[in-house]
Amino acid sequence: MTGIHGDELEGQLVCFYVAKKIRENPGKLLGTVDIYPATNPLGIDSVTRGIPGFDLDMNRIFPGEPDGTLTEYVATRIIQDLVGSDLCLDIHASNIYLTEVPQIRINELFRERLVPIAQEANVDFIWVHGANTVLESTLAHSLNSLDVPALVVEMGVGMRLTPAYARQLTDGIFHLMNRLHIWKDDVENPVKKPVFSQDPDEVCYLNAPVSGIFLKKRCHGEIVRKGDEIGSILNPYTGEVLQCVAAPESGWLFTIREYPVVEEGSLLARILIRKADEL
Amino acid sequence: MKKELLYTIPSLYRDDFRIHGYRFGQGRKALCIVGSMRGNEYQQLYTCSRLVSILKGLEADGSLSSEDEILVIPALNPGSMNIEKRFWPKDNTDINRMFPGYRLGETTQRVAAGIFNQISVYENGIQFPSFYMPGNFSSHVRIMKTGYENVEKARAFGLPYIVLKVPKPYDTTTLNYNWQIWETDAFSLYGTVTDSIDEASAQELIQSVLRFLKAYGLLKREIPAGMDSIVFTDRDLITLRPKTSGIFRCLASAGARVQKGQLLAQILDACEGEIIEEIRSSDSGILFFTHNRPLVYANTAVFKLLSSSLAAAPI
Ligand SMILES: [Zn+2]
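Chains S and X supply the protein sequences, listed in that same order. Note that the first sequence covers residues 1 to 279 in our numbering. Note that the second sequence covers residues 1 to 315 in our numbering.
Warning: the hint list may mix true and false statements.
Pairs of lysine-lysine, DSS-like flavour, derived with a Cα cap of 25 Å [said to hold, decoys possible]:
| hint | chain 1 | residue 1 | chain 2 | residue 2 |
| --- | --- | --- | --- | --- |
| 1 | X | K165 | S | K216 |
| 2 | X | K145 | S | K217 |
| 3 | S | K216 | S | K226 |
| 4 | X | K165 | X | K145 |
Calculated from the structure, these hints are not laboratory results.
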C-alpha cells in the first residue's frame with residue numbers, strides 16, 4: 001500500500017521494483033501480492049496530500065463506512081480487500097518538509113506481534129511509539145485491529161524519489177515474502193539489523209526557535225555529537241544568521257528538515273539519543 | 001473592554017501572526033467565546049465581530065455584570081483567512097485538530113497550547129466552528145458527548161436544536177472536546193453558512209449568546225425568549241445520498257420542514273443537462289443539513305433529515 005498521502009511518492013518506486021521482480025520471475029511467486037500504488041489516486045494525480053476537494057487526510061478516515069461518503073466508502077472497500085492478508089506494508093514518505101531514514105513505526109499496542117516482522121524488513125530503524133486516540137483512524141491501526149499485521153514504513157521525503165531506499169525496502173519485502181512462503185528464493189540475502197527504540201525519552205525533537213530560512217548542515221542518518229551544528233536559520237533580507245541550531249544531545253540524526261522556510265515551532269530534526277559507545 | 005494580544009509568532013515574510021482577545025469585565029472567569037479557527041470561516045468571524053461590537057455597547061451602558069469576565073477571540077487564524085486558505089498557511093494543519101496543544105511542539109500545536117492555556121480556565125466556552133463537509137446547517141448547539149457534557153445548560157441558548165455528537169477518534173483533539181475534559185462547559189454554535197455571510201443567521205446566534213449571558217447572570221437586560229430546544233444525537237439524523245454524480249440542483253434549504261416523498265434535489269448529467277436522478281425525502285421532518293456545492297459525487301451525504309417523530313415542533 002502506498003500513496004495514501006498524495007505528496008509522498010517514494011512508495012511508487014517500491015511498487016515498481018516489486019512488480020518488476022514478480023513479472024520477471026513468475027515461477028517464484030507462491031501466493032497473492034496486491035499492489036496499491038495510489039490509495040489516494042486523486043491526490044497523487046493533483047499533487048495534493050489529502051483528498052482533493054475538502055482537504056481530508058485519508059489516513060484519518062479508516063475503517064470507513066459502507067454507507068458513507070465517497071471517501072469513507074473507498075476506505076471500507078480497501079479494508080475489505082485487505083482483510084485476510086498475511087502482511088500489509090503501508091509505505092509513507094514523511095512529508096515535503098522532513099527527510100527520514102528508512103524506518104518502521106509501530107504503535108505500542110501491536111508491539112509484540114509487529115516488532116519481530118519489522119526486524120526482517122531491511123529498514124534502518126524501528127520506532128515503537130505510544131498509543132494515541134487520533135491514530136485509531138489510520139489504515140494501519142484498523143488493519144492491526146482486524147488481525148492483519150500492518151507495518152507503517154516512513155522513508156525519504158515527500159515529492160521526491162530516493163532509489164537507494166526503494167531498493168533497500170524492496171529487498172526487505174522479498175525477504176519477508178520468502179519468510180511467509182509467498183516467494184521462493186533459494187538465496188536469502190541478509191537484512192540490516194535495525195536500530196530499535198521504544199523509549200519516548202530517547203527521541204529528542206528540535207523545533208525552530210525563530211522564523212527564517214533553514215540551511216541544513218548535517219544529513220539524515222549521520223551521527224552527531226552534543227553541540228554539533230545541525231544547521232542554521234538565516235535572514236535573507238539582512239544577511240544575519242538568526243540562530244545556529246546545535247545538537248542538544250549526542251546521537252543519531254534520523255530526521256532532518258528539508259523544506260527551507262521555517263517558522264517558530266517548525267520541526268527541524270529528530271535525534272535518537274545514544275551514548276558515544278552505542279553508536 | 002480591553003483589547004489584548006494573546007499570542008504572537010514573528011514572521012519573516014509578512015506581518016507577525018497575532019491573535020487578539022477582547023476582554024469584558026473582570027473577576028470570575030465566566031465565559032470565553034472563540035470565533036473562526038479556519039481561514040474560510042467568514043460567517044464565524046462576522047458573528048463574533050458583531051458580538052464584540054454589541055458587548056461593547058452593553059458594557060458602556062452598564063448592562064454587563066461587573067464581577068464576571070468574558071473573553072472574545074474573533075479570529076484564531078487570521079494568517080490563513082487573509083490568504084483565503086482553510087488551514088495553516090505553511091503546513092496545512094488544522095488548529096482545531098491540535099488541542100490541548102503542546103508548548104514545545106510544532107507551530108499549530110504551540111498556537112493551540114498558547115491559547116488553550118488562557119481559555120481553559122473559563123467556566124463556559126462557546127465556539128463558532130464549521131463542519132468538515134461543505135454544507136448549510138439548521139442553527140443548533142452541538143456538544144461532544146464526552147460524559148462531561150452539560151445539555152441542560154445548552155438549553156439557555158434557546159436555539160431550535162441541541163445535537164450530541166458521539167466523538168470519533170479525530171474529535172478528541174478539537175477545542176470543544178478538550179474544553180470539556182478540562183471542566184469547561186463547552187458549546188459549539190452552528191449557523192447556516194461558513195464561507196459567505198448570512199445576516200439573519202448571525203443575528204440568530206448573537207441573540208442566542210445574549211440569552212445565554214442573561215440566563216447565567218452575565219447580562220442585566222431582558223432578551224426575547226428562545227425556543228424549547230429539541231435534543232438528539234448526530235446518529236439520529238437520516239442521511240440521504242444520491243446514487244449518481246453530477247450537477248446538484250438543490251430545491252430545499254436547511255431548516256425547511258419537508259414532507260415524506262417531497263422532491264428535495266435533482267442530479268443532472270454534468271454535460272448533457274438531463275435530470276438523471278431525483279432525491280426525495282424518505283420521511284417527513286426538518287432538513288437539518290444540505291450539501292451546498294454545485295457538483296456532487298455519488299453517495300455524498302447531501303441531506304441530513306430530522307424525522308418528524310423527533311422534531312415534534314408544530315408545523
Ligand atoms: Zn504519509
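Now for the hints, and whether the structure bears them out:
Of the supplied pair hints, the one linking K165/X and K216/S is violated, its CA atoms being roughly 45 Å apart against a limit of 25 Å. Of the supplied pair hints, the one linking K145/X and K217/S is violated, its CA atoms being roughly 49 Å apart against a limit of 25 Å. Our distance criterion of 25 Å between C-alpha atoms is met by K216/S and K226/S, whose separation comes to about 16 Å. Taken as a hint, the K165/X and K145/X pair is honoured in the structure, with Cα atoms around 6 Å apart against an allowance of 25 Å.
Checked against the numbered hints above, the structure breaks hints 1 and 2 and satisfies the rest.
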